[in-house]
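K.L.:
All chains, please: the whole structure from these sequences, using the hints.
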Amino acid sequence: MSKTVLFISGSPRASSRSRAVTNVVYRLLRDQRGHAQLIDLHLHELPIFNGDPAQSELPSVQQLRQLAAEAGGFFIVTPEYHSGISGALKNALDFLNSEHFNNKPVAIAAASGGGKNGINALNNLRLVLRGVSATVLPGQFAADPNQIDDNGIFTDEDGVKSLNYLVHDLIAAL
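Quick note: the sequence shown, position 18, residue 18 per UniProt numbering, numbers continuous.
Calculated directly from the structure, the hints in this document are not laboratory data. Each hint should be verified, as a subset may be incorrect.
[Unchecked claim] Simulated pairs of lysine to any residue, SDA-like, Cα-Cα distance not exceeding 25 Å:
1) K90 <-> K161
2) K90 <-> V132
3) K90 <-> R65
4) K3 <-> E99
5) K161 <-> L38
6) K161 <-> D40
7) K90 <-> R19
8) K90 <-> V128
9) K3 <-> Y81
10) K90 <-> A14
11) K161 <-> A173
P.N.:
Spelled out as structure tokens, the structure:
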């Protein structure tokens with residue numbers, strides 16, 4: 001199995017709290033593994049999944065599927081929108097299936113502006129990933145809004161340590 005981790009940043013927004021988490025985890029993955037690929041759903045635009053086989057010919061869909069097929073594991077970060085994952089992330093996952101996730105470890109994290117700090121999105125994400133036969137790690141991370149400053153920088157050192165443990169668990173599972 002490949003040792004490459006596909007990192008999916010699930011926020012469609014240019015500036016988001018989940019991007020702050022994305023930046024920390026992506027750096028940790030690159031520092032520890034050297035083999036990480038990033039799909040940022042703010043930049044990697046996909047059409048709305050409709051099941052039409054013609055969508056498989058689109059370069060953005062082909063790139064997502066190829067990177068997912070080649071990955072040995074995943075790290076997925078989502079914002080929490082109305083107690084669930086972002087529509088952009090759900091749409092991206094709809095283009096993938098169990099062939100991309102079967103027996104591959106997946107670490108998950110969320111960020112939210114509300115008082116629940118992403119826990120509902122994490123529960124939703126676990127459910128969706130179970131539907132594609134992913135092996136979601138038991139640990140997870142939910143960023144609290146006060147861990148991120150007004151410039152979108154993740155500033156909490158204890159949070160960075162928690163994210164580092166999660167990255168370590170993912171690497172060990174590869």
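K.L.:
Next, verify each hint and record whether it holds.
P.N.:
Verification of the hints:
For the given pair, K90 sits about 28 Å from K161 by alpha-carbon distance, which is inconsistent with the 25 Å threshold. For the hint linking K90 to V132, the alpha-carbon distance of about 12 Å falls within 25 Å, and the restraint holds. For the suggested pair K90 and R65, the alpha carbons sit about 14 Å apart, so the restraint of at most 25 Å is met. Between the alpha carbons of K3 and E99 the distance comes to roughly 17 Å, so the proposed pair stays at or under 25 Å and holds.
Taken as a hint, the K161 and L38 pair is honoured in the structure, with Cα atoms around 21 Å apart against an allowance of 25 Å. Annotation: proposed proximity of K161 to D40 holds, straight-line Cα distance about 23 Å (limit 25 Å). Only pairs whose Cα atoms come within 25 Å are accepted, and K90 paired with R19 is accepted, the gap being roughly 17 Å. For the given pair, K90 sits about 8 Å from V128 by alpha-carbon distance, which is consistent with the 25 Å threshold.
For the hint linking K3 to Y81, the alpha-carbon distance of about 31 Å lies beyond 25 Å, and the restraint is violated. Straight-line distance between C-alpha atoms of K90 and A14 comes to about 18 Å, which keeps the hinted pair within the 25 Å bound. For the hint pairing K161 with A173, the CA-to-CA distance comes to about 19 Å; that is within 25 Å, so the pair holds.
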